[in-house]
Structure formats: structure tokens, C-alpha cells
Amino acid sequence: MPEQNLEKKIKPVSMILGISIFLFGVLKFVDPFKGWYSAQITFSGLPTPAYWFGIVSEILVGLAFLIPFLLKGNPIIGPHKRTILSLASVSIIMIMLVATYVHLQPAVPSDVLPLKIKPPLIPGAFAFLGIYNLYHLQKNKG
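My numbering applies: residue 375 is where the sequence shown begins, and numbers increase by one.
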């Protein structure tokens, strides 16, 4: 598949994932999101370092999805675009697995979760989009 067709498939998904996960990470610095996120970590039983690891991971993964498209003519970034997007896709899948774990913990109240619902709909959707990206990136290696 030509590179242009691949870009048509992955660019919209990567941009949605990048903007969303970056904003999720940044929002964890302000209330009420800061308090909700702190409660999620505490009630789920995750270790204390998970608090900062989660925030930093979301911001970096968000940037990893965005930078290859925003700096596509860059001689350093350009040749590594596929690798960067593949790593970002694997990373978002792992982040969403942890988010799913948090959603499924009985001690985590729904009022501290996104959309205030226990079923992990957002983590599932984001993991699916990460898998979609990864599938197309690997299928069309060239």
C-alpha cells in the first residue's frame, strides 16, 4: 500500500489519540481532574509512583502521536515516523490496559471515573484505536 494511503488511514486516528491523551495528561494537573485521578490511583491500589508515571506517560504518548505529523518534513523525525507511531500505539494500548484495570476495581467509585461510569468504554475505545493504528503500520511495512 502506498505511503499516502497508509497516512489517510492512520493520521486521523493518530491525531485524535494524540490530542485526547495529551489533554487527559495535562488536565490531571487541575481540579477537579487532579482529585479524581488521585482517587483512582489510591482506590485502585496502584503504587504511589503510578500517579506521576500515568501523567507523564499520557503527555509523552500524546506528543508521540502528534509530532510525526506536525514535523513531517523534519529530517530527524521523518525517517522514524513509522517507528514513533508504532511505539505510541503500543504505549497507548498499555496505558489503556491499566485504565481498564482501574475501572474494574470495585473500590474505585464511578464518580471519580470519566463519564462517571464503571464499564471501561473509553479505555476500550482508545485501546482499539491503538490496535487499529498498529495493525495498519505493521501490515504496510515497506
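Be aware that a few hints might be false.
Distance condition first, Cα-Cα at most 30 Å in a straight line; then the derived DSSO-like pairs of lysine-lysine [said to hold, decoys possible]:
| hint | residue 1 | residue 2 |
| --- | --- | --- |
| 1 | Lys513 | Lys408 |
| 2 | Lys492 | Lys382 |
| 3 | Lys382 | Lys490 |
| 4 | Lys515 | Lys408 |
| 5 | Lys455 | Lys513 |
| 6 | Lys515 | Lys385 |
| 7 | Lys408 | Lys492 |
| 8 | Lys455 | Lys515 |
| 9 | Lys455 | Lys383 |
| 10 | Lys455 | Lys385 |
| 11 | Lys515 | Lys446 |
| 12 | Lys446 | Lys382 |
| 13 | Lys515 | Lys383 |
| 14 | Lys385 | Lys446 |
| 15 | Lys408 | Lys490 |
| 16 | Lys492 | Lys446 |
| 17 | Lys446 | Lys490 |
| 18 | Lys455 | Lys382 |
Just the calculated beta-carbon pair ranges, DEER-fashion [stated by the list, open to error]:
| hint | residue 1 | residue 2 | range |
| --- | --- | --- | --- |
| 19 | Lys513 | Pro449 | 24 to 34 Å |
| 20 | Asn514 | Pro480 | 36 to 46 Å |
| 21 | Pro483 | Ile458 | 22 to 32 Å |
| 22 | Pro449 | Pro480 | 19 to 29 Å |
| 23 | Phe417 | Lys515 | 35 to 45 Å |
Rather than coming from a laboratory, the hints here were simulated on the basis of the structure. Even glycine gets a Cβ: it sits at the ideal position worked out from N, Cα and C.
Hint by hint, here is what the structure shows:
1. Restraint check for Lys513 and Lys408: not satisfied, since their Cα atoms lie roughly 39 Å apart, outside the 30 Å limit.
2. With a C-alpha separation of about 34 Å, the suggested pairing of Lys492 with Lys382 is violated against the 30 Å cut-off.
3. As the CA atoms of Lys382 and Lys490 are separated by approximately 34 Å, the hinted pair breaks the 30 Å bound.
4. Straight-line distance between C-alpha atoms of Lys515 and Lys408 comes to about 40 Å, which puts the hinted pair past the 30 Å bound.
5. At most 30 Å may separate the alpha-carbon atoms for a hinted pair to count; Lys455 and Lys513 meet this at roughly 15 Å.
6. Simply put, Lys515 and Lys385 have alpha-carbon atoms about 16 Å apart, close enough for the 30 Å limit, and the pair holds.
7. Taking the CA atoms of Lys408 and Lys492, the gap is near 19 Å; set against the 30 Å cutoff, the hint holds.
8. With a CA separation close to 12 Å, the supplied pair Lys455 and Lys515 stays within the 30 Å bound.
9. Taking the CA atoms of Lys455 and Lys383, the gap is about 14 Å. The hint holds against a cut of 30 Å.
10. Between Lys455 and Lys385 the alpha-carbon distance is near 11 Å, which keeps this suggested pair within the 30 Å criterion.
11. Straight-line distance between C-alpha atoms of Lys515 and Lys446 comes to about 18 Å, which keeps the hinted pair within the 30 Å bound.
12. A C-alpha spacing of about 14 Å is found between Lys446 and Lys382, which places the hinted pair at or below 30 Å, so the restraint holds.
13. Distance check on the hinted pair: Lys515 and Lys383 sit about 14 Å apart at the alpha-carbon level, within 30 Å; holds.
14. Distance restraint check for Lys385 and Lys446: the Cα-Cα separation of roughly 12 Å lies within the 30 Å cut-off, and the hinted pair is therefore satisfied.
15. The hinted pair formed by Lys408 and Lys490 meets the criterion: a straight-line CA distance of about 15 Å does not exceed 30 Å.
16. Using a Cα cut-off of 30 Å, the hinted pair Lys492 and Lys446 is violated, with the two alpha carbons roughly 39 Å apart.
17. In summary, the hint linking Lys446 to Lys490 is not supported, as the alpha carbons are separated by about 38 Å, beyond the 30 Å threshold.
18. Restraint check: the Cα-Cα separation between Lys455 and Lys382 comes to about 14 Å, which is no more than 30 Å; the hinted pair holds.
19. At about 27 Å, the beta-carbon gap between Lys513 and Pro449 stays in the expected band of 24 to 34 Å.
20. The hint said 36 to 46 Å for the Cβ distance between Asn514 and Pro480, and at roughly 42 Å that hint holds.
21. Between Pro483 and Ile458 the Cβ separation comes to about 37 Å, which falls outside the hinted range of 22 to 32 Å.
22. A hinted range of 19 to 29 Å for the beta carbons of Pro449 and Pro480 is inconsistent with their spacing of about 51 Å.
23. Between Phe417 and Lys515 the CB atoms are about 42 Å apart, so this pair conforms to the stated range of 35 to 45 Å.
The structure fails hints 1, 2, 3, 4, 16, 17, 21, 22 (numbered hints given earlier, in ascending order).
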